[in-house]
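*Asks:* Residue-level listing of the chains:
There are 2 protein chains.
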Amino acid sequence: MDEYTFKDLSFIPEIKSIAVIGASRKRDFYFLRIYLERFKGRIYCINPIIKKIEDLPYIPVYKSLTDIPDDEPVDFVFITVTRERVIQAIDDCVAKGVKLASVFTSDFADEGTEEGIRLQKELITHIKGDLRIIGPNGMGLYFPKIGIRWRSSLPLVTKGNVGIIAQSGGLCNLIIHGLYANDINVSKAFSIGNAVDVNLLDGLKFLKDDPETKVIVAYIEGLPEGTGKIFIKLVQECQKPVLILKAGKTDVGAKAAISHTASLIGDYSIWASAIKQAGGILLDTLNDIINMVKFLTMIGKKKIDNVCLISLSGGYGVICSDNLVDNGFNLPLLQNDTKTRFDDIFSDVHGSSYNNPIDVAILLYDPKKMGEIISTVMKFEIDKGLIDIIIFEIAPLYLAYQLTTRSKNLTDSIFNELKNIKEQFPNKPIITIIQDIGFNEVNNYLIPKLHSIGIPVYADINPVIRTFKALKNIK
Amino acid sequence: MDEYTFKDLSFIPEIKSIAVIGASRKRDFYFLRIYLERFKGRIYCINPIIKKIEDLPYIPVYKSLTDIPDDEPVDFVFITVTRERVIQAIDDCVAKGVKLASVFTSDFADEGTEEGIRLQKELITHIKGDLRIIGPNGMGLYFPKIGIRWRSSLPLVTKGNVGIIAQSGGLCNLIIHGLYANDINVSKAFSIGNAVDVNLLDGLKFLKDDPETKVIVAYIEGLPEGTGKIFIKLVQECQKPVLILKAGKTDVGAKAAISHTASLIGDYSIWASAIKQAGGILLDTLNDIINMVKFLTMIGKKKIDNVCLISLSGGYGVICSDNLVDNGFNLPLLQNDTKTRFDDIFSDVHGSSYNNPIDVAILLYDPKKMGEIISTVMKFEIDKGLIDIIIFEIAPLYLAYQLTTRSKNLTDSIFNELKNIKEQFPNKPIITIIQDIGFNEVNNYLIPKLHSIGIPVYADINPVIRTFKALKNIK
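In the order they appear, the protein sequences are chains A and B.
FYI, our numbering numbers position 94 of the first sequence as 94, with every residue one higher than the one before it.
FYI, our numbering numbers position 122 of the second sequence as 122, with every residue one higher than the one before it.
Don't take every hint at face value.
Same chains, same names: a pair is fine if it fits in one copy or spans any two.
Here are the simulated lysine-lysine pairs, DSSO-like style, with alpha carbons at most 27 angstroms apart [unchecked claim]:
hint	residue 1	residue 2
1	LYS229	LYS159
2	LYS145	LYS255
3	LYS302	LYS339
4	LYS368	LYS26
5	LYS255	LYS369
6	LYS384	LYS255
7	LYS26	LYS369
8	LYS301	LYS16
9	LYS301	LYS40
10	LYS422	LYS276
11	LYS159	LYS214
12	LYS301	LYS128
Source of the hints: derived by calculation from the structure; they are not laboratory data.
Hey, can you work out the whole structure from these sequences and the hints?
*Replies:* In structure tokens, the structure reads:
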């Protein structure tokens, strides 16, 4: 297949009404309630055996979707009935002129049985008119700005710039929550499950064109047959970074993926080299995704070769330097200009090494000088293209409350220095390492503040290196 | 050097009295106060200009160590005077018959100046009699059980089984705190700095013989000249796992280490292969250390080849499987015996794959059955040596409070199942993955409980793989 007609999903931002088919008393109308907190449009409950929901008397209940008056169109329908009743629900959606139906129900091709496969094939024949289907066996659509989600735990953020398209709802949840825990918000996510209609290509195309979305994450188990080249082309044409987590790198994963969403996986290595050639970023783990999105949303696209490492803990700086160099990154010696300034800044400090890595040593208690160190590197090294990025290690134990008062307000002082530097040099990349070693009062306070000014925080050198390595392939 | 006389440190557990030379009003007697919370013996303040500490009137203050009455021996002295006064302090220690002096003062050979090097050489000539010195430029001794530490933040645990010997105080702090944040306690730690007397060999020998210590961590910048073979022999003879983080793997790291503690580093690759042959575990990062210690203290020495992966989130399980297999580990198909039992356990579950990886799917809400899955693998697979370890992934989002009540108490039920399993099969290895994705109320509650019953928790598959890989070399 060399041509593919992308399904139109451009109506999604205009969804004005929702119906849930299958919301039940047994589950306390869970799939209805999750829309109530933010969704401003009309919400309907479709249930053949109840007349009213006691504590939600204002939610109209109809036996069938088609019983809703004709002058009340329904844009989005969430279907969570048993699989035998899904086809009738789809027929009703077609009759009602619904734009998008999300089929949460599973046990179609994913079940791996003849009956499941047969039902899925039959389901496909019932998709008519302008109706688009997400699923079956998919969580559906997460569009927090207007209040559409599939779990009550999913954050109702109002602004997000990461789009997700995933063939596993569980993994999609993990990515959304993992990003949110790192102060990164999602614009829209599609959990497409068996993808009988809206598939990876359509979702990716939508996110590519979506003005809210700046970075795209795709979890892929398999593509629709024969669409490999179209997918690659789409990645190639996409101006936004496309991060890809692909199941089936190995036989065991491929086999597991088949039973998971009945997806066919081709040869991973062929696929991987094509993706790389198209400028896609192939990643291996959940944390890889989170760490890379953090970099791209806060720093942007940037290839890293030359690093300047500034550390509060000399020994830790040595270890980080070893790991960076051992993985192919350089810590170039700083220029004489820089050195001269450092000779001045470090004039009262003994036993510190400050020619990359820079051991801040006792200057950790002098945030002004720490700021000078960083801005000197920005002015005299990054500006000339000699250094691509600063890694600033901030061991939280030095910021935590101590018996002596020396450390008090140190956290704020360091943050303010970094804020000034970011304002002065908005386009000069700096990331931090703040170890996850139990100083939660420091970390919980400082990390979101740093993220808010576009300084990503990592917990150790290894995730930094994995991120830098994956960035090498960026367009 | 083929022979080496290890310095006797066996008196350490018998330390009964402490003096601080250099505790000052300026620092609010910080280095005195840190002993007061737990140390039960006598504590002295040595300060030539004060008579008494206002809020600590019961602490005797002397102008000089030698002014302390002869019938009051001093076992341990912490020295934090300027470098020019260190030698006098050492002389006083010798005169007083002190057993161990910790020289916190820096700017000796670590300063890299002629004067620093000269002073260090001179210092060495003043170490006489039975006096042992830690440092200079070292944090000294952490022995929390009796209340000896160098920072007020260092936890005063009463029981610990990890011994640390480190050439960087900063890194030593990070390791202690990192372990503590993972519910692992340290027995004794030595931050030896420039190591003019007590060195890596002596510290390692002490920890090797220390009955409290079960696992040893060494951070090494360089060894005393000519002692390479002795160090290797020591690692070889040590029945306890020896984890080594070595600075100077690359030229940049080696150069930085020289300025840090004036240590000479030999050829890393020769060193590395010797360590491996001796059964030492070479690691690369701080998190590697923490993750490995967690494994060794909770699971013990265990080579991992064959893994059974049980996951609550199908897609995540697929990705973990890919990563494991891609890194050389096997997920063998389970036997017919096991399969038959699983057919029964999963009889009501559709669309789940349960032949390794095992997708728990909807059984996540049925902890009893989840327990049966795990114990079946232990009984029929691990017992026969077909599987070495179970990795059980518990996505915290399914345990967090939800709108519906279904999840309530699920965390406790799952924990109780795992506790029963650990009691029934204490020697059958199981580890968990609980993602760090923001469900702190779940993670902060569950993770320490799992650690307390010997089930280590990791945040993603990558740290698990790094740990398994490093375990391949274990004796």
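*Asks:* Each hint: holds or not?
*Replies:* Now the hints, each set against the structure:
1. LYS229 / LYS159: For LYS229 and LYS159, the Cα distance exceeds 27 angstroms both inside one copy (33 angstroms) and across copies (61 angstroms).
2. LYS145 / LYS255: The answer is neither: 37 angstroms in one copy and 52 angstroms across copies each exceed 27 angstroms.
3. LYS302 / LYS339: within (26 angstroms within a copy, 49 angstroms between copies)
4. LYS368 / LYS26: Between copies only: 22 angstroms across, 61 angstroms inside.
5. LYS255 / LYS369: between (56 angstroms within a copy, 24 angstroms between copies)
6. LYS384 / LYS255: between (50 angstroms within a copy, 25 angstroms between copies)
7. LYS26 / LYS369: For LYS26 and LYS369, the Cα distance is within 27 angstroms only across copies (22 angstroms; inside one copy 63 angstroms).
8. LYS301 / LYS16: Close neither inside one copy (36 angstroms) nor across copies (60 angstroms); limit 27 angstroms.
9. LYS301 / LYS40: Classified as neither; 36 angstroms inside a copy, 58 angstroms across copies.
10. LYS422 / LYS276: Classified as neither: same-chain Cα gap 32 angstroms, cross-chain 45 angstroms, threshold 27 angstroms.
11. LYS159 / LYS214: within (12 angstroms within a copy, 51 angstroms between copies)
12. LYS301 / LYS128: For LYS301 and LYS128, neither the intra-copy (41 angstroms) nor the inter-copy (61 angstroms) Cα distance is at most 27 angstroms.
In this structure, the hints that do not hold are numbers 1, 2, 8, 9, 10 and 12, in rising order.
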